[in-house]
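*Asks:* Sequence:
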Amino acid sequence: MNVGSLLTLAANKFPGRTALIQDGRRFTYGQFNLRSNRLAHALLGFGLRKGDRVATLLFNSPELVEIFLAAAKVGGVFTPINFRLAAEEVQYLVHHSDARFFAFGEEFSPLVEAIRGRLTKVERFIRVGKPSPAPALEYETLLGESRDEEPGIPVEEGDECEMLYTSGTTGKPKGAVLTHGNVLWNLVNTLLAREDKEGEIALISGPLYHAAALNNHFLIRLALAVDPYARQVRKQWEEQVEEPLRQAYSVIAQARFAAFGANVYPDATFTLRLSIGTVKGYTENGQAIPWCTTIGGAFQHEQGHQAREPFRLPRRWHDRKDRLQLDTPFNFVCTNDIIGGNSGSPVVNRQGD
8 MNVGSLLTLA
18 ANKFPGRTAL
28 IQDGRRFTYG
38 QFNLRSNRLA
48 HALLGFGLRK
58 GDRVATLLFN
68 SPELVEIFLA
78 AAKVGGVFTP
88 INFRLAAEEV
98 QYLVHHSDAR
108 FFAFGEEFSP
118 LVEAIRGRLT
128 KVERFIRVGK
138 PSPAPALEYE
148 TLLGESRDEE
158 PGIPVEEGDE
168 CEMLYTSGTT
178 GKPKGAVLTH
188 GNVLWNLVNT
198 LLAREDKEGE
208 IALISGPLYH
218 AAALNNHFLI
228 RLALAVDPYA
238 RQVRKQWEEQ
248 VEEPLRQAYS
258 VIAQARFAAF
268 GANVYPDATF
278 TLRLSIGTVK
288 GYTENGQAIP
298 WCTTIGGAFQ
308 HEQGHQAREP
318 FRLPRRWHDR
328 KDRLQLDTPF
338 NFVCTNDIIG
348 GNSGSPVVNR
358 QGD
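Every number in my numbering is 7 more than the matching position in the sequence shown, counting from 1.
Please keep in mind that the hints were generated in silico from the structure rather than gathered at the bench. Treat the hints with care, since some could be wrong.
Claimed, not checked - Cut-off 20 Å, straight-line C-alpha distance, at most; resulting in silico cross-link-like pairs (PhoX-like, lysine-lysine): (1) Lys204 x Lys20; (2) Lys57 x Lys128; (3) Lys128 x Lys181; (4) Lys242 x Lys20.
What the hints assert, rightly or not - Using C-beta positions, here's what the derived DEER-type ranges look like: (5) His308 x Arg56: 15 to 23 Å; (6) Glu145 x Ala255: 54 to 62 Å; (7) Pro297 x Leu320: 14 to 22 Å; (8) Lys242 x Ala295: 44 to 52 Å.
Everything numeric in this text was worked out from a predicted model, so none of it was measured. Where a beta carbon is used, it is the ideal one built from N, C-alpha and C, also for glycine.
Build the full structure now, drawing on both the sequences and the hints.
*Replies:* So this is what it looks like as structure tokens:
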């Protein structure tokens, strides 16, 4: 899953529901998604590659979040610039970010023209708002000439999603990169901690170049829109896909051991490890190694190493030693359902031990 898929899910589920309102303009989730898709295709047409920075100098607006979600859908890294900065500061951040694409509002045209010659890494300037004589691609023209369908670029949780710049109070600003996974898991924490409700109208007053406004106040609206739907899909997946697979693994394992006995290596596909066969230790240098360590063995191990670090046990273990069942299994020596090897998976045998 990636951040762009939040918008895709919301548009598929609620295409006619209002998503964005600003200055009398309203966009439904369907329109929001369509416009983001069109921009995504335009960026791809200009040669955007996964990891390319897409910088913006815009006030909070539907266009700003369209650019954010468009970049997210195709692997671009959204890099919003603080619109309160002076021209020299904007020039430094855009250049430092290695942005190949720079979208700016019409209000910032004079500022951009003043620094354009030093933005040597920017390949495409995109102006949002009214046309002007200054050379730049017009945002609405790009959308009008592009395609509607989902871009279909594989973007994973580990891919970069945003680069947000620090304030630089003790030096030059630094670009902090967040992956799609970082952003999505932050959303999970936000959903658990806050009491926002699906369908509520939220005023996003914080600037969207700030992590809190972008990743909490704005994105939580998308997450809330798709949360019930996502839970329903997850439940369906668990019941109709994962549970039959779990049951099948057990039946296959039983059949395998019945056919080939307990001395055959099973597959090593990291599937469910129910030991229908025998869990046992092994022999090394003539010494029998048991299938598990015990709590008592931990004390013996400490003693054998004269209680040196890192073998020394905590004092509270010694204080309570007489209350411990020393033959209690402590850890697997050989966590396997195979004979002669270790797949790294925990094991339950036929007796549930």
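*Asks:* All the hints need checking, so say for each whether the structure fits it.
*Replies:* Here's how the hints hold up against the structure:
Annotation: proposed proximity of Lys204 to Lys20 holds, straight-line Cα distance about 17 Å (limit 20 Å). Only pairs whose Cα atoms come within 20 Å are accepted, and Lys57 paired with Lys128 is accepted, the gap being roughly 16 Å. A hinted pair counts as satisfied when its Cα atoms are at most 20 Å apart, and Lys128 with Lys181 qualifies at roughly 18 Å. For a cut-off of 20 Å, the pair hint linking Lys242 to Lys20 stands: about 17 Å separates their Cα positions.
For the pair His308 and Arg56, the beta carbons lie near 53 Å from each other, so the given range of 15 to 23 Å is not met. Taking the beta carbon of each, Glu145 and Ala255 are about 56 Å apart, inside 54 to 62 Å as hinted. The hinted range of 14 to 22 Å is satisfied by Pro297 and Leu320, whose Cβ atoms lie roughly 20 Å apart. About 47 Å separates the C-beta atoms of Lys242 and Ala295, a value consistent with the hinted range of 44 to 52 Å.
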